[in-house]
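Chemist: Heads up: the sequence lines are chains A and B, in that order. Note that the numbering used here gives residue 200 to position 96 of the first sequence, counting from 1, and the numbers run on in steps of one. Note that the numbering used here gives residue 1036 to position 57 of the second sequence, counting from 1, and the numbers run on in steps of one.
Hints listed in this document are in silico derivations from the structure and should not be mistaken for laboratory results. For every residue, glycine included, the Cβ atom is placed at its ideal position computed from N, Cα and C. Treat each hint with caution, since some may be false.
[As the list claims (entries may be wrong)] Label-pair distances were calculated between CB atoms; the ranges are:
id	chain 1	residue 1	chain 2	residue 2	range
1	A	Asn132	B	Gly1075	21 to 27 angstroms
2	A	Asn169	B	Gln1039	40 to 46 angstroms
3	B	Lys1047	A	Lys161	26 to 32 angstroms
4	A	Asp166	B	Asn982	17 to 23 angstroms
5	B	Gly1075	A	Asn169	23 to 29 angstroms
6	A	Pro187	B	Arg1086	38 to 44 angstroms
7	B	Asn1032	A	Ser188	26 to 32 angstroms
8	B	Ser1005	A	Ser188	22 to 28 angstroms
9	A	Thr200	B	Pro1061	22 to 28 angstroms
10	A	Glu163	B	Gly1020	23 to 29 angstroms
[What the hints assert, rightly or not] Some, not all, of what chain A presents toward chain B, calculated at C-beta under 7 angstroms:
id	residue
11	Phe114
12	Pro209
13	Gly210
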Amino acid sequence: NAGVTQTPKFRVLKTGQSMTLLCAQDMNHEYMYWYRQDPGMGLRLIHYSVGEGTTAKGEVPDGYNVSRLKKQNFLLGLESAAPSQTSVYFCASRWTGEETQYFGPGTRLLVL
Amino acid sequence: GENVEQHPSTLSVQEGDSAVIKCTYSDSASNYFPWYKQELGKGPQLIIDIRSNVGEKKDQRIAVTLNKTAKHFSLHITETQPEDSAVYFCAHRGGGAQKLVFGQGTRLTINP
Chain A
105 NAGVTQTPKF RVLKTGQSMT LLCAQDMNHE YMYWYRQDPG MGLRLIHYSV
155 GEGTTAKGEV PDGYNVSRLK KQNFLLGLES AAPSQTSVYF CASRWTGEET
205 QYFGPGTRLL VL
Chain B
980 GENVEQHPST LSVQEGDSAV IKCTYSDSAS NYFPWYKQEL GKGPQLIIDI
1030 RSNVGEKKDQ RIAVTLNKTA KHFSLHITET QPEDSAVYFC AHRGGGAQKL
1080 VFGQGTRLTI NP
């Protein structure tokens, strides 16, 4: 099993550009999460999904959109990137029957 | 009511000594308290967790204690080793919630 994978690993964007971050998991997990990690602020939840076709807002959803068209994939979109979205983005997934979240390796995004 | 405060933000201990990290929460409905370890360049990984019906849980050199009355829980690492150097995050989940709220993180450095 590859576990949770994230694409790309690193990206540089200019202000106003758009991009999509891909999270994929091969563990048949129902729940998937997108977090951003900033110095001194821990992990903050952007959006999450409790199953295919469903999404919900987390703590900091503004400026982001998500889609869960397939159970194994959870996409995070930035329609118009801003410097404040410079961060490390982590995806996580978990099975309905347990609490443990399994994290991907992260995507480092720099918005200039 | 969902926030969790984590202290200290940085901690440096001598190899072989103990390390303690504390988190305080305010949501009385919180009933699940995990601790995640993040090594450099990787995603966080669960190391230990505790539920609200238990006061203490141990796993080899690590332990977690929970004081529901005071609304705080702590991570204890004994006989620290160089591989314990990492960032540690506490988190909590409110009753019925499908998401975790993370603390700000503690950077632990073990000095040889």
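Chemist: When the hints from earlier in the document are held up against this structure, which numbers fail?
Modeler: 6, 7, 9 and 11
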